[in-house]
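Colleague: So the protein sequences, as listed, match chains U and A. Residues 22 to 639 (the numbering used here) make up the first sequence, in order. Residues 22 to 639 (the numbering used here) make up the second sequence, in order.
Worth flagging that the hints you see were computed from the coordinates, not collected in a lab. A portion of the hints provided could be inaccurate.
If several chains are the same, the list does not tell them apart, and a pair holds so long as it fits within one copy or across any two.
What the hints assert, rightly or not - List time: in silico DSBU-like cross-link candidates among lysine-lysine, alpha-carbon distance up to 30 Å:
1) K627 - K611
2) K245 - K40
3) K261 - K500
4) K600 - K343
5) K54 - K41
Protein chains: 2
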Amino acid sequence: MVKAGGYANRLAWVDLANKKVDYQELDEDVARKYLGGRGLGVKLVYDKVKPGTDPFSPDNILVIAVGPLTGTLTPMSGRICSITKSPLTGGVTDSHAGGWAGAALKWSGFDAIILQNKSDKPVYLVAKDGKVTFEDASQLWGKDLFTTTRMLRDKYGDARELTKLGSTGVQVYAIGPAGENLCREACIGHDAGRFSGRGGTGAVMGSKKVKALVIMGEEKNIPKPANPEKFEEARRTALKHITESPVTSPGKGGLSVYGTSVLVNTVNELGAFPTRNAKQVQFEFAYFISGENQRGTILRETPTCHACPVHCKRLTEVTDGKYKYKSEGVEYETCWSLGAMVGVGHIEGAGYLNYLANYYGLDTISLGVTLATACEATEKGYIPEAEGVKFGDVDKLAEFIKKIALREGIGNLFAEGGYRAAQALGDVDLSITVKKQGIPAYDPRGLRGFIIGYATSNRGACHLRGYTPASEIMGIPYKTDPLALEGKVDLTIMLQNMFAALDSLDICKFSSFAYTVEDYAALLSGMTGWDVSPEEFMKIGERVWNLERYFNQLNGFDRKDDMLPKRLVVEPPTSGPAKGWRLGWDTFNKLLDEYYEKRGWTKDGKVPEKKLRELGII
Amino acid sequence: MVKAGGYANRLAWVDLANKKVDYQELDEDVARKYLGGRGLGVKLVYDKVKPGTDPFSPDNILVIAVGPLTGTLTPMSGRICSITKSPLTGGVTDSHAGGWAGAALKWSGFDAIILQNKSDKPVYLVAKDGKVTFEDASQLWGKDLFTTTRMLRDKYGDARELTKLGSTGVQVYAIGPAGENLCREACIGHDAGRFSGRGGTGAVMGSKKVKALVIMGEEKNIPKPANPEKFEEARRTALKHITESPVTSPGKGGLSVYGTSVLVNTVNELGAFPTRNAKQVQFEFAYFISGENQRGTILRETPTCHACPVHCKRLTEVTDGKYKYKSEGVEYETCWSLGAMVGVGHIEGAGYLNYLANYYGLDTISLGVTLATACEATEKGYIPEAEGVKFGDVDKLAEFIKKIALREGIGNLFAEGGYRAAQALGDVDLSITVKKQGIPAYDPRGLRGFIIGYATSNRGACHLRGYTPASEIMGIPYKTDPLALEGKVDLTIMLQNMFAALDSLDICKFSSFAYTVEDYAALLSGMTGWDVSPEEFMKIGERVWNLERYFNQLNGFDRKDDMLPKRLVVEPPTSGPAKGWRLGWDTFNKLLDEYYEKRGWTKDGKVPEKKLRELGII
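Here chain U stands alone, though its shape is the one from the complex (with noise of 0.2 Å):
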């Protein structure tokens, strides 16, 4: 395995109680099973969180990680990410994040830095050239993230800027008031515009009493390829593929040129956009929030990530009135939360509650769900009209985000998340979530990859896991129709063990509209040395599923928490061309079965030894 710099492949295991810092070498073994990012982190937390241990104990840990191919010349390889037992499904979590900070962090020497324990007191970390220090953050401690940001790079900004050859500049990975306040969906922010979003990792941060870690890379610690031909060879491969995709292709492809929400009026038409908490599933106001409507009017800039053509990053700007902001979004998933889920059909509007959720640190996609559960609760008299909120009202979704964050008044009960609310205010069914986790921007009821995906994922629901209308509307790596059953399980199964590969990496999960299997075996093998074959990587992938499915196992999971949202299984779609269609338990469980079949499961679900073993788990 190369050594990236002086100190590559180090991790630095951070005692917050001690304000102690162990470094260690990634172990070649442990790194040729997992590789990094995802796939270290769900074995780091598999080594150290015992069983049964409160995520907001100082036992749980805070895994920050990249991958053998982050920061390298590999295009799109900027992503951080962040694993950890959630708050919010009592499961093994990873959430990842673009922009520099996973670049910076690899050129600082890191492949991981662990947070164990607790502070007494708010800190933030500063990595550097090897090195992770502490600092006081009670300057920090209450503020925002757009400030956090400001303060923290403007007082390392004398470091050489980003721009400048030979450093990756001051990046600033932190948390808000939601993390601080443990809000169950508060995310983690890098600088302020780029989320590892899911799972509620900001808040076990908090818990920690960590605000920030401030991350300054430099050129001496740049990975070089162990194979520096066979490298190239393989990153000319992938631009190429990048540069032909109808997605990719920068400055062509729809996801160059109207960002992520190029999907809003897709999926709209296709039936499968959850609207008012998923009553319908297209809303009459798609195309105002679509990404095609924001590029004509609220769009400023496209900014991009580390070694990446495609720039499908947004920067939009409402320069006055009520909702004035400046924000890096509107992302898909949240047109999507902060827009139909919440019934807000004005790009304007759904801009500005992004922009809020930004502010406060919180995750959009969950933040939605649970305000729609809200909405809903609300409607329906759980909660009093004075203290709730209602779909489409931008003032009261905004003050409602407020009161979330700060857990004012009702807002201390949705901070716990919206299944937690819905089960304290005595209707779970409000709740339209997986392992208490709020679905994504799919109604599986249109697209019905999701059906078993959003089921059996690991982190709760989840489009990221295996992102079957890739293949549903996009026809990668096959087509196939979006309102078929039969095929779904094996696309599903396939998908989920290649993201889980491709997280560890830990590359852009975007990446794989273009990039082959092949591609990633090609790119992960020139830069280690290894001889990684397609089928190794595909491996890994597999061996990282079954390892967070046993984590979870351990801590109580099986079939039951493999369950979809009531709504989505026994309501058919009001309109759309699967208007009309029930799922039903009947055939949901059948789905089931055979996943589990498939996987080489037992019928509860639960992953047997015979398993473990046969991949190198135990």
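Add chain A to chain U, keeping to what the hints say.
Modeller: Frame of chain U; chain A shown alone:
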């Protein structure tokens, strides 16, 4: 009376049949009695157009006029107007536009150009240096207003440009396809951004086969004040008043910062914002079409008019997507007419419909009211759904606008205006009009000055005849309660007279938010050398008002035409400050009695000979 350059006060009588122009100097007696602009135009229409004349017959005339203050250094003096017998109402109409066309006409040496008879082939006219010439318009006929304007500016653009001292550049005052097709709600557009909108003046221009008037003004013809000292003092006072007004103050006042659409939120809160064909009086999406939101999202520039520091104009743009456009607007009236009135709660949608209206040359106010009639007629089943149109559906509304402008399918019926269409469909109450002209953006149930204001307006429903909200909202010239009926007749009569005089000057009506009657009289006196008292100024307004009324009377108008649409009289608002209140016909008729009495008219609303003699009309 002072001459502006060599040709001041010149009238050009353009015989379109024989392609001859007669020039005449304006009689000083007529000028002192009617000033110019609206007053002069009405006088000429009264003199030349016999009762019973079909507005589309060659015997109708179209007067394009400016007034004694237009194009001078008087702040806000950039107005041009068209006066004719309206094909929409059948009475006399005048309609004003801002920009530079007014100044240009004055600087080209004219106070009025009068189009007589009808050309056999499409022509356009060029006014320059005291001469009007005819040009072949066959290349322009059928072209939209943007293209027409661009082609003509390109052709004559080698003349000195606007920004060069001593020239007004090339100003275009033209009609679009709607005017050519005799749509009764067609307007005349100045530079495709400012419009003589109301009353169908564009259709009269189209009936005469005149596509455009190209105007080039020159320094040597700039009007010089007869009494420079008096004029300069009056000008400074007026400018001071503009600067001190919280409405007009440059860069500070609401009109300057947010444009006319600053009114959206205020009027909506007052429950006076007719929504979905006035079925409601408040629009749930008002904020999103307001000036505040417009400024924050799609505003690109704030252009202005000749000699105006207020800059209330907006240039907005949607740069991509389905509703891509660039156009002036969206003015308050249009935010409403192509927004709330048709159920469109997205500024990019309303902006796009505004652009289409400007493209085809349709009055946005009348068009919106006509579309709202079509939407309700579709809802009620009077129009088959496939041919009809739907509240809030931007795509269908856009399609319907095209059908109207090009008289395609059902558009042929609605090109006659909403009133005639509703009449043909058998339910005239679907048309929210007075004298067949659509109401503007104020619901008289919430702003009650307009009860009598709309009903008695000589040109049909209109907010610009006597702007009572100035008193009800801004306290100008004194504060009245929006919901009070008492005192509104006196206020209306005073404002109707004042605005008639003001339209004859011809300067911008927004000046009345800052200027006093004394200011107008002083500016007029300083410019002309006459000694016009405030009383004489107001008397001129009363004269113009009565002459209009008398012209209409000769064409069959009386009390029966001073009617509000039924909905506004009998249906109580469902929300807002006036919720549940019903005007009723009795109260309405009492107000009308009071108005007639105070006007010195008969009980059936006729102007008696005595009044005509008293005002020197006959």
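Colleague: Go through the copies and call it for K261 and K500: within, between, both or neither, with a Cα cutoff of 30 Å.
Modeller: within (22 Å within a copy, 71 Å between copies)
Colleague: Within, between, both or neither: how does the pair K627, K611 come out at a Cα-Cα threshold of 30 Å?
Modeller: Answer is within; shortest intra-copy Cα gap is 16 Å, inter-copy 84 Å.
Colleague: Is it within, between, both, or neither for K245 and K40, if the alpha carbons may be no more than 30 Å apart?
Modeller: Cα proximity of K245 and K40: none, with 32 Å in one copy and 84 Å across.
Colleague: If the cutoff is 30 Å on CA atoms, where do K600 and K343 land: within, between, both or neither? Let me know, please.
Modeller: between (38 Å within a copy, 26 Å between copies)
Colleague: I want to check one pair: K54 and K41. Are their C-alpha atoms no more than 30 Å apart within a copy, between two copies, both, or neither?
Modeller: within (29 Å within a copy, 94 Å between copies)
Going down the numbered hints, you'll see the structure goes against just number 2.
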